[in-house]
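Trainee: Residue numbers (the UniProt record's numbering), protein chains in the order written: chain Z, 1 to 266; chain R, 1 to 266; chain C, 1 to 266.
Be aware that one or more of the hints could be misleading.
Which copy? The list can't say, so a pair holds if one copy fits it or any two copies do.
With a cut-off of at most 20 Å between alpha-carbon atoms, the simulated EDC-like pairs for lysine to aspartate or glutamate come out as follows [claimed, not checked]: (1) K83 with D68; (2) K77 with E9; (3) K104 with E52; (4) K108 with E49; (5) K104 with E48.
Think of the hints as simulated: they come from the structure by calculation, not from any bench.
Listed below are the residues making up each chain.
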Amino acid sequence: MEWIGKDLEKLREKKPLVHNITNYVVMNTTANALLAIGASPVMAHAIEELEEMIALADALVINIGTLDEHKIYSMFKAVEIAKELKKPVILDPVGAGATKLRTKTSLKLLEVGDISVVRGNFGEIAALLGEHGKTRGVDSAVYDKEAAKDLAEKAAEEFNTVTAVTGAVDYVSNGKRTYAIENGTPMLGRVTGTGCMATAIIGAFLAVEEPLKASIAGLTTFEIAAEKAFEESPYPGSFHMKLYDWLYRIDGALIKERAKVREIEP
Amino acid sequence: MEWIGKDLEKLREKKPLVHNITNYVVMNTTANALLAIGASPVMAHAIEELEEMIALADALVINIGTLDEHKIYSMFKAVEIAKELKKPVILDPVGAGATKLRTKTSLKLLEVGDISVVRGNFGEIAALLGEHGKTRGVDSAVYDKEAAKDLAEKAAEEFNTVTAVTGAVDYVSNGKRTYAIENGTPMLGRVTGTGCMATAIIGAFLAVEEPLKASIAGLTTFEIAAEKAFEESPYPGSFHMKLYDWLYRIDGALIKERAKVREIEP
Amino acid sequence: MEWIGKDLEKLREKKPLVHNITNYVVMNTTANALLAIGASPVMAHAIEELEEMIALADALVINIGTLDEHKIYSMFKAVEIAKELKKPVILDPVGAGATKLRTKTSLKLLEVGDISVVRGNFGEIAALLGEHGKTRGVDSAVYDKEAAKDLAEKAAEEFNTVTAVTGAVDYVSNGKRTYAIENGTPMLGRVTGTGCMATAIIGAFLAVEEPLKASIAGLTTFEIAAEKAFEESPYPGSFHMKLYDWLYRIDGALIKERAKVREIEP
């Protein structure tokens, strides 16, 4: 997994501009995660400035955590522009399955946009595939290792996009090849927006790497940083702060030492 | 006060889904407080998804800290749905008294909704009772122990809802019985959204307890966590982080040791 | 520089109410910075309550970081009311130059409002003066010490307002006198909203001091707090928390010991 450290170096050298149309709960959180890792975040949703901002950006993050009419309109406009300008896009379908609005909006974005990666929890990705009742608010109500792998593969094929199903084990698939990542800590579930941070960090890697490897690199880097943070502070407030510290401190050596990434035999 | 620790255990077992329509300043803060204590927060205000989300939720938190036309509309729709579905609702009338819009919106929500608890500072609750000039921005301009007790009782009767007036001493009343809580630390006033966090945590307790006891349990738990955080870090940034740590760490034994709750003789 | 410590004492005694119409990313962050230093923040953008809120406020902070139609309308209404009520206003033209919407909105606010101070980075202030291509997202793409000084002076004359161009060295000018401040730490660039915090803190000083001195006092105080925070924690998450701690702890003695402020000979 030495390539992950090299991608991280490339990311830090490029300092990619990552444009986020994201939810109000995590705006500050994801901006800080992007700054800590070495990217440059920008948040903008006014229709009038989308084209200029996306033209400047190296990647686009769409996160549907707090929707409203105006934001939905901005998101569709943004993925359309990104498609034209050939900018990579990652979609976080927060809470898909909890409400029809969230499921429908995510599916429509996957349909009209040229989405490079979709990252969600088990319940969210299941909902996108029409398997309902597995989301509770914005959390996954269930998690099943074997089913998670299948979901990632099925969604990757169905939506013709790299899919990452994150949980105790993460599965990342492009429909042909599938990888499992076993880093991280359950404490991530006790801080709001950590899934959204993971998505944003994959977004930053999309500026320097193709989607499948960007997803693996982003999740592995983020989750190893979380492991180190948890070792220093086992409680959620202090852990949260240390997470930014470790997104800043993490390097290729640490990733090489800790990465638990393996390809799943088909 | 052993029942508070037991309610906290129930809360953590149930992991209630708490739906928040809240202000932009504290969204991240209250989500993290709810996660730390053991609840599952969700934020959603799009009209199209309110019914589904409230149906899933165990409690609804309405916080008027940053109003606009659309949000007000969502709030009214939400309390209406919650009434129909018999979900408990807590209202935080942030800044009532500072502007007519805030006072009017709060009063109207109390009128049309079936509000279980209203929690505010002295100036805010005074404003709801028509006693103006006691709010300055979102802070209480004055605080008077004896008057606070009277306010809590009067508001509880007037609005037919449990009322919590928080300050140096908190008074919680259902109009018949009134309790004083003397936990907490003035450092809470140096971190934004701590009142809103207290409200959200009462919201989580509403999923496992009736309104009067849920309010006492929520405030006592929150304020003891704040005492511990302050003992570890007497400065606002570090204190803020430790507050989440202690919302996670607090248990029945600590509550029993520290709780300063007493019933006021009528 | 003993006057800065005295202004800080005045600020803490007055506890000014600082009204912010600001971006979603930094609302929590700037509210906490204002509370830590000793001011009282309020965030409100509903047209219906602007007049009452600004009447209560001691200063108004306008930050264009996340624009939309409604917010722009609120901002224009707010600067108009502030002008009428003679309240000091500080403008943060976040991302000016990155998009036409941001440049145009900033210029129009400077034109119709009675703006006391504008604070931006090199690229943003350059864009306001028609020198484009120096902003990348919300970060300055270039920085040049000599040019920064000239920009501050030119903008101060052009817009007839105190201008602060912040960077490795900050330049503050009222068009006649120009000051350089060399405090701070590059780690400020690794936490989102630190520029916005600096703006908000100048806003608090505007409640007790004239614009040129308020800008110098605000930047110096903020950046010395950042130096102390960085000495305690050289990583972004922990640094961020310590920054609030030191905004709370900083006093006249520390400012006197550390301030690197000098007037530039014309």
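Trainee: Hint by hint, say whether it matches the structure.
Mentor: Results for each hint:
Taking the closest pair of Cα atoms, K83 and D68 never come within 20 Å of each other, the shortest separation being 23 Å inside a single copy and 23 Å across copies. Taking identical chains as interchangeable, the C-alpha atoms of K77 and E9 are never at most 20 Å apart, the minima being 32 Å within one chain and 47 Å between chains. For the identical chains of this complex, K104 and E52 are inter-copy neighbours only, at 14 Å across copies versus 28 Å inside a copy, given an alpha-carbon limit of 20 Å. Proximity of K108 and E49 under a CA criterion of 20 Å is satisfied inter-copy only: 16 Å between copies versus 23 Å inside one chain copy.
Taking the closest pair of Cα atoms, K104 and E48 come within 20 Å of each other only across two copies (11 Å); inside a single copy the shortest separation is 25 Å, beyond that limit.
In the structure shown, a violation is registered for the earlier hints numbered 1, 2, in ascending order.
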